[in-house]
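**Q** Chain by chain, the residues run as shown.
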Amino acid sequence: EPEVTQTPSHQVTQMGQEVILRCVPISNHLYFYWYRQILGQKVEFLVSFYNNEISEKSEIFDDQFSVERPDGSNFTLKIRSTKLEDSAMYFCASSDSSRTDTQYFGPGTRLTVL
Amino acid sequence: GESVGLHLPTLSVQEGDNSIINCAYSNSASDYFIWYKQESGKGPQFIIDIRSNMDKRQGQRVTVLLNKTVKHLSLQIAATQPGDSAVYFCAENLPSYGKLTFGQGTILTVHP
Chain F
86 EPEVTQTPSH QVTQMGQEVI LRCVPISNHL YFYWYRQILG QKVEFLVSFY NNEISEKSEI
146 FDDQFSVERP DGSNFTLKIR STKLEDSAMY FCASSDSSRT DTQYFGPGTR LTVL
Chain A
0 GESVGLHLPT LSVQEGDNSI INCAYSNSAS DYFIWYKQES GKGPQFIIDI RSNMDKRQGQ
60 RVTVLLNKTV KHLSLQIAAT QPGDSAVYFC AENLPSYGKL TFGQGTILTV HP
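Residue numbers (the numbering used here), protein chains in the order written: chain F, 86 to 199; chain A, 0 to 111.
Calculated from the structure, these hints are not laboratory results. A virtual CB, placed ideally from N, CA and C, is assigned to each residue, including glycine. It is possible that some hints are incorrect.
To be verified - With a Cα cut of at most 35 Å, we get these calculated DSBU-like pairs of lysine-lysine:
| hint | chain 1 | residue 1 | chain 2 | residue 2 |
| --- | --- | --- | --- | --- |
| 1 | F | Lys168 | A | Lys41 |
| 2 | F | Lys163 | A | Lys41 |
| 3 | F | Lys127 | A | Lys41 |
| 4 | F | Lys142 | A | Lys70 |
| 5 | A | Lys67 | A | Lys36 |
| 6 | A | Lys67 | F | Lys168 |
| 7 | A | Lys36 | F | Lys163 |
| 8 | A | Lys36 | F | Lys168 |
Unchecked claim - Counterexamples of contact, computed for chain F against chain A with all Cβ distances above 10 Å:
| hint | residue |
| --- | --- |
| 9 | Met100 |
| 10 | Val128 |
| 11 | Glu141 |
| 12 | Val198 |
As the list claims (entries may be wrong) - Under 10 Å between C-beta atoms, here's a sample of chain F residues computed to sit facing chain A:
| hint | residue |
| --- | --- |
| 13 | Gln91 |
| 14 | Pro93 |
| 15 | Glu138 |
| 16 | Phe150 |
| 17 | Leu169 |
| 18 | Cys177 |
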């Protein structure tokens, strides 16, 4: 069964450093998303991406964040200058063109900012 | 129901019992709802979905009920198994929007 994959599973970084979280969505999917989950809290939407541009973003997704689809398979989330409060699980999700709201999630990357 | 902060609602059941997990959603304009299961250290796993033009949908061992009048969603799990132990989240979606809004989650613990 096709699935969303994410790397790395755990990223530790120093405050102020840049990090790139990587995702490989399901191969025939066209819509991509990033969500985050702070420990013990609910999953929060960050950004949606379609046709090489951002469709929608939340207030969390400020100028420190960016997304990119550098090739035909990867989808990345970059945090330019990490803050302590960026520590969270980051989930990538994807959906196909026929069911844009049925989103399938990857296993997540745990980001720890020290 | 839902709770705020870090204290999630919990449900403990015996193996073989039926479980009912509830969720109050926030936006009356939402037209699509999904239940996700999240095991420790893993991403949300799709369980079942329902559109607003339905009030009940059944899957394998799971049933979702939607009450739009009171903005309430429930997930029923028949013959609950230890492998069902996880956090369960409901999520809602507005028409034409790709973002899901998640509830706080309920911790389900199934005792053998």
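**Q** For each hint, tell me whether it holds in the structure or not.
**A** Here is how each hint holds up against the structure:
1. For the hint pairing F/Lys168 with A/Lys41, the CA-to-CA distance comes to about 24 Å; that is within 35 Å, so the pair holds.
2. Proximity of F/Lys163 to A/Lys41 is assessed by CA-CA distance (about 21 Å); at most 35 Å being required, the pair is judged to hold.
3. Taken as a hint, the F/Lys127 and A/Lys41 pair is honoured in the structure, with Cα atoms around 14 Å apart against an allowance of 35 Å.
4. In summary, the hint linking F/Lys142 to A/Lys70 is supported, as the alpha carbons are separated by about 25 Å, within the 35 Å threshold.
5. Using a Cα cut-off of 35 Å, the hinted pair A/Lys67 and A/Lys36 holds, with the two alpha carbons roughly 22 Å apart.
6. The suggested pairing of A/Lys67 with F/Lys168 is violated, with an alpha-carbon distance near 40 Å, which exceeds 35 Å.
7. Distance restraint check for A/Lys36 and F/Lys163: the Cα-Cα separation of roughly 27 Å lies within the 35 Å cut-off, and the hinted pair is therefore satisfied.
8. This hinted pair checks out: A/Lys36 and F/Lys168 have alpha carbons roughly 29 Å apart, not beyond 35 Å.
9. At roughly 23 Å from the closest C-beta of chain A, the C-beta of F/Met100 stays outside 10 Å, upholding its exclusion from the interface.
10. Separation of F/Val128 from chain A is inadequate, the least Cβ-Cβ distance of about 4 Å not exceeding the 10 Å criterion.
11. The claim that F/Glu141 lies off the interface is violated: its Cβ sits roughly 6 Å from the closest Cβ of chain A, which falls inside the 10 Å cut-off.
12. Taking the minimum C-beta to C-beta distance to chain A, about 19 Å, the non-interface status of F/Val198 holds against the 10 Å cut.
13. Hint status for F/Gln91 relative to chain A: holds, with the closest Cβ pair at about 8 Å, below 10 Å.
14. Because the beta carbon of F/Pro93 sits about 14 Å from the nearest beta carbon in chain A, more than 10 Å, this interface hint is broken.
15. Residue-level restraint check for F/Glu138 is violated (minimum Cβ-Cβ distance to chain A is 13 Å; threshold 10 Å).
16. The criterion of a C-beta within 10 Å of any C-beta in chain A is not met by F/Phe150, whose closest approach is roughly 15 Å, and the hint is violated.
17. Here the hint on F/Leu169 is broken, as its CB sits about 18 Å from the closest CB of chain A, past 10 Å.
18. Taking 10 Å as the C-beta cut-off, the interface hint given for F/Cys177 holds, the closest approach to chain A being about 8 Å.
In this structure, the earlier hints numbered 6, 10, 11, 14, 15, 16 and 17 are contradicted, and the remaining ones agree with it.
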